[in-house]
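Use these hints to put chain L onto chain W, whose structure you have.
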Amino acid sequence: MSFWATLGLQVVAVLAVMLGLALVTIYAELKISAHMQSRIGPYYAGGRWGWAQPLADGLKFLQKEDLVPRLADSTVYRLAPYVVIVAALAVWVVIPFGPSLVVRDLDLGAFYVLAVSSLSTLGVLMAGWASANKYSLIGGLRAAAQLIAYELPLLLAVLAVVVQAGTMSLSEIVAVQAEPWFVVAGVPISAPFIVKGQIIGFTIFMIAAIAELSRIPFDMPIAESELTMGYLTEYSGIRFTMFFLGEYASMVAMSAIAATLYLGGYALPGVPAATLNVVGPFVLLGKVALLVFLMIWFRWTWPRLREDQLQAMAWRWLIPLGLLNIVLAGIFKVVL
Amino acid sequence: MAYDKSIRPPFAGLWKGMWATLKALFRRPPTVFYPEEKEIPVPRARGVISLDTEACTVCMLCARECPDWCIYIEGHKEEVPPSKPGGRPRTRAKLDRFDIDFALCMYCGICVEVCPFDALFWSPEYEYSEYSIADLLHPVERLTEWLDTVPEPPALESS
Chain W
1 MSFWATLGLQ VVAVLAVMLG LALVTIYAEL KISAHMQSRI GPYYAGGRWG WAQPLADGLK
61 FLQKEDLVPR LADSTVYRLA PYVVIVAALA VWVVIPFGPS LVVRDLDLGA FYVLAVSSLS
121 TLGVLMAGWA SANKYSLIGG LRAAAQLIAY ELPLLLAVLA VVVQAGTMSL SEIVAVQAEP
181 WFVVAGVPIS APFIVKGQII GFTIFMIAAI AELSRIPFDM PIAESELTMG YLTEYSGIRF
241 TMFFLGEYAS MVAMSAIAAT LYLGGYALPG VPAATLNVVG PFVLLGKVAL LVFLMIWFRW
301 TWPRLREDQL QAMAWRWLIP LGLLNIVLAG IFKVVL
Chain L
1001 MAYDKSIRPP FAGLWKGMWA TLKALFRRPP TVFYPEEKEI PVPRARGVIS LDTEACTVCM
1061 LCARECPDWC IYIEGHKEEV PPSKPGGRPR TRAKLDRFDI DFALCMYCGI CVEVCPFDAL
1121 FWSPEYEYSE YSIADLLHPV ERLTEWLDTV PEPPALESS
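Protein sequences, first through last, are from chains W and L. Under the working numbering, the residue at position 149 of the first sequence is numbered 149, and the numbers go up by one with no gaps. Count along the second sequence from 1, add 1000, and you get the number used in the working numbering.
Chain W on its own, in the form it takes in the complex (with noise of 0.2 Å):
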């Protein structure tokens, strides 16, 4: 097979199977809250559990007509939609699902992953601006400052870990979490980076991803009572289709990379390492449903942070905490 038939393969695989993840995360996100919400949720859709819902939903939106304002930057305004899902899929290039299971194993994994994950508000600023829109405006704006504020805090946890392991890529990252930690009775015994003192790094990860996927208590750039939509008020159809998937493909992609620095990846503390090809990318998932089910839970749970108290949150409180947090790891890494 040429390169390209690879590589065409290879992207159509991707696509499958994150936008099928996308949309099992939407199906979560209605059934976990409607059931906190004392609800049963989608039931018909589908016959069973309305499982079809998000189906449904995606047809129903594929109908609609694809709307552009007449005063929209109309190229820009097009363009939003596929640099946000761009972003969400491109992170998956460097996830390891196992030890050979990999697209490309970058040396500088984590720093691209950070990169390309910050890249999908770049999309929310373009369709902001390009909407012609006062709300769209205001959400994009919104979101440009939720992300200064804290892509600083989201890297600073990484680069703790990144202290930890000692090197960038994704692969080693997990390799060194796999790594026996101390022998009890001559059973080895690892231990994800979440146990070896990351806790409070895996905590400013958490909340700064959160606020980087803009969703509650962070969803400033949306926020329905004030911005009616923020940056989607204009989108319709497709495209609007295309962001909504974007922000739950993101969301499977902030999950699994917090899985893969903090919580040991595809690997298992007793999985014997030759398995890990066939059972990594189920463990990986799992640690990521985890991780995606404990941000619905919070979603359906805390109400929204005002503008001044998010920032402060990130300058006041999350900054000086990661900066703390890779000294503690510094000396750590010195000492022990």
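It is worth saying that the hints were derived from the structure and are not from the lab. Some hints could be false.
[Claimed, not checked] A partial selection of chain W residues facing chain L, derived with a Cβ cut-off under 7 Å:
#1 H35
#2 M36
#3 S38
#4 I40
#5 W300
#6 T301
By construction, the Cβ of each residue, glycine as well, lies at the ideal position given by its N, Cα and C atoms.
Structure of chain L alone, referenced to chain W:
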């Protein structure tokens, strides 16, 4: 020193909320799957108003007290021949029309309260929606039909 409940650990509210949503997640939702599964209303629910034509004297109190003016009554007087020979003929009111427009009714129950002869009753039935709004005007025949669904009045209190 007494424990001061206003002093709470940091973020206590956040975790309390998390616990509340987690509990709700595993609780069975109270949803009733309506068309397949019927909700059983409480016995004295205000579902629909039924009419006992025998008891009605066409006094018009209900129509006059109705805040929405949704009760339409027409009647005439007719002469009843004396029951015993040599007696006096009596007049009594005869009901020609008694309609309640449930599209206008606000289910306040004032008509049931004011009726001096206990001709109006609450029935807990609720399945009488219509495709056309005009069909919500229940004529006397339908109002009488509801009479079968009226629950027994609560027992009198023993003194």
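Here is what the structure says about each hint:
1. H35: 5 Å, holds
2. M36: 4 Å, holds
3. S38: Where the cut-off is 7 Å and the nearest Cβ of chain L is about 5 Å from S38/W, the hint holds.
4. I40: 5 Å, holds
5. W300: OK, holds: W300/W within 7 Å of chain L, min 6 Å.
6. T301: Given a least distance of 5 Å, the restraint on T301/W holds.
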